[in-house]
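Student: Sequence:
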Amino acid sequence: MLRFKKYKQAGSHSNSFRLTNGRSDDTELQSVPLLARSPSTNRKYPPLPVDKLEEEMNRRMADDNKLFREEFNSLPVCPIQASCDAASKEENKEKNRYVNILPYDHSRVHLSSLEGVPDSDFVNASFINGYQEKNKFIAAQGPKEETVNDFWRMIWEQNTVTIVMVTNLKERKECKCAQYWPDQGCWTYGNIRVSVEDTMVLVDYTIRKFCIQQVGDVSGKKPQRLVTQFHFTSWPDFGVPFTPIGMLKFLKKVKNYNPQYAGAIVVHCSAGVGRTGTFIVIDAMLDMMNTERKVDVFGFVTRIRAQRCQMVQTDMQYVFIFQALLEHYLYGDTELEVTSLESHLAKLYSPSPGAGCSGLEAEFKKLTSIKIQNDKMRTGNLPANMKKNRVLQIIPCEGQVCVSVWMCNIDIRHFTQLDIQHFLIMSCI
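For the sequence shown, position 146 matches number 393 in the numbering used here, and the numbering has no gaps at all.
Calculated directly from the structure, the hints in this document are not laboratory data. These figures come from a predicted structure and were not determined experimentally. It is possible that part of the hints are untrue.
Stated by the list, open to error - In silico DSSO-like links for lysine-lysine, alpha-carbon gap of 27 Å or less:
| hint | residue 1 | residue 2 |
| --- | --- | --- |
| 1 | K499 | K469 |
| 2 | K313 | K291 |
| 3 | K541 | K299 |
| 4 | K613 | K541 |
| 5 | K499 | K381 |
| 6 | K417 | K500 |
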């Protein structure tokens with residue numbers, strides 16, 4: 248039987264560029280060391296009650312996240328002895344994006360074998376448990392151009408209706424993931440036809456709806472399925488998002504969409520361990536928080552590393568998980584539908600139970616209790632820039648509007664908004 252090889256060339260990156268099987272740098276490995284081969288300490292990290300979360304975070308973030316780094320480095324790289332024989336086969340080596348990120352045999356996703364194609368049951372993807380749900384997720388590498396067909400075969404065979412993508416196609420001019428969907432219309436990937444039904448572009452993420460159908464179905468019925476891709480686009484090339492708010496809203500959208508009857512949620516970044524693991528851990532710990540009023544990040548990461556190596560790849564991602572959990576605990580979900588705005592406002596005007604004030608006042612107090620992160624305002628606090636601030640307590644965070652230094656020796660990287668407007672006006676005169 249002839250294997251289908253028709254797939255769409257990714258239109259968002261150069262055809263001449265092809266990522267070789269290097270080591271995973273899921274945004275991070277160029278700037279941080281690879282994980283230690285063994286735990287650095289035997290120290291235990293028990294679950295945290297949610298009412299102690301803020302206190303513990305402040306303690307562990309002291310001295311430039313020293314205790315968080317110790318905790319992260321205490322995670323076992325692989326809690327069990329596991330083989331990767333299928334991924335290491337010569338026939339499958341080219342299917343792996345990174346030579347050091349291979350699925351374990353006991354937890355890998357098995358595809359149905361194609362007649363006459365050796366080892367066609369392999370795809371670099373692993374089943375991952377949720378908080379209480381076995382195999383809730385499939386953590387996968389970002390498809391390579393050679394594995395796009397296998398990726399869609401996995402989506403079809405696992406009855407997946409939700410795809411979570413936590414990478415951009417290209418980052419730092421490097422291909423992180425092949426474009427496995429058509430920009431418009433339909434395309435056939437192997438024996439799966441994919442058509443784009445709708446695309447919604449939002450601030451932090453894009454939602455794409457696909458209709459997929461298996462071609463050549465001998466039954467003649469050719470059923471169609473709707474698959475929705477949630478593509479988080481606000482993860483920076485380096486590090487982690489500045490704030491977890493966008494990720495929490497994104498995760499809420501995914502949670503509300505995925506139906507109970509569906510198969511595993513496929514989550515992928517580039518290597519399928521760093522950002523992918525971060526997303527899965529936040530999801531599971533939010534469920535644990537709501538059920539048990541505590542979180543066990545260390546324990547859960549340890550458990551899922553027994554299903555796929557290096558899940559949660561850097562200490563920055565580990566800290567980001569805690570930041571997301573604390574954000575949710577302190578401020579909750581404040582997003583609401585426009586249709587419920589009037590009733591919600593009426594509720595806010597009513598006295599808040601146990602607060603001695605209205606709900607509106609209680610909510611505003613939460614805003615004023617947010618701690619100012621001075622470490623993210625270093626440029627604005629430089630002595631040379633202090634005089635440029637109209638109000639010394641109102642300083643922009645790093646990564647906002649910057650002005651290049653030119654035609655002078657003065658440090659003009661830092662400007663308040665009024666300075667920027669004045670600069671632009673003067674430049675146009």
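Student: Now tell me if each hint is right for this structure.
Tutor: Each hint, compared with the structure:
1. K499 with K469: Distance of about 33 Å is beyond 27 Å: violated.
2. K313 with K291: Measuring from Cα to Cα gives roughly 16 Å; hence the hint holds.
3. K541 with K299: holds, 9 Å
4. K613 with K541: Since the Cα atoms of K613 and K541 sit roughly 21 Å apart, the hinted pair holds (cutoff 27 Å).
5. K499 with K381: Satisfied, since the Cα-Cα distance of roughly 20 Å is no more than 27 Å.
6. K417 with K500: Measuring from Cα to Cα gives roughly 24 Å; hence the hint holds.
Violated hint: 1 only; the structure is consistent with all others.
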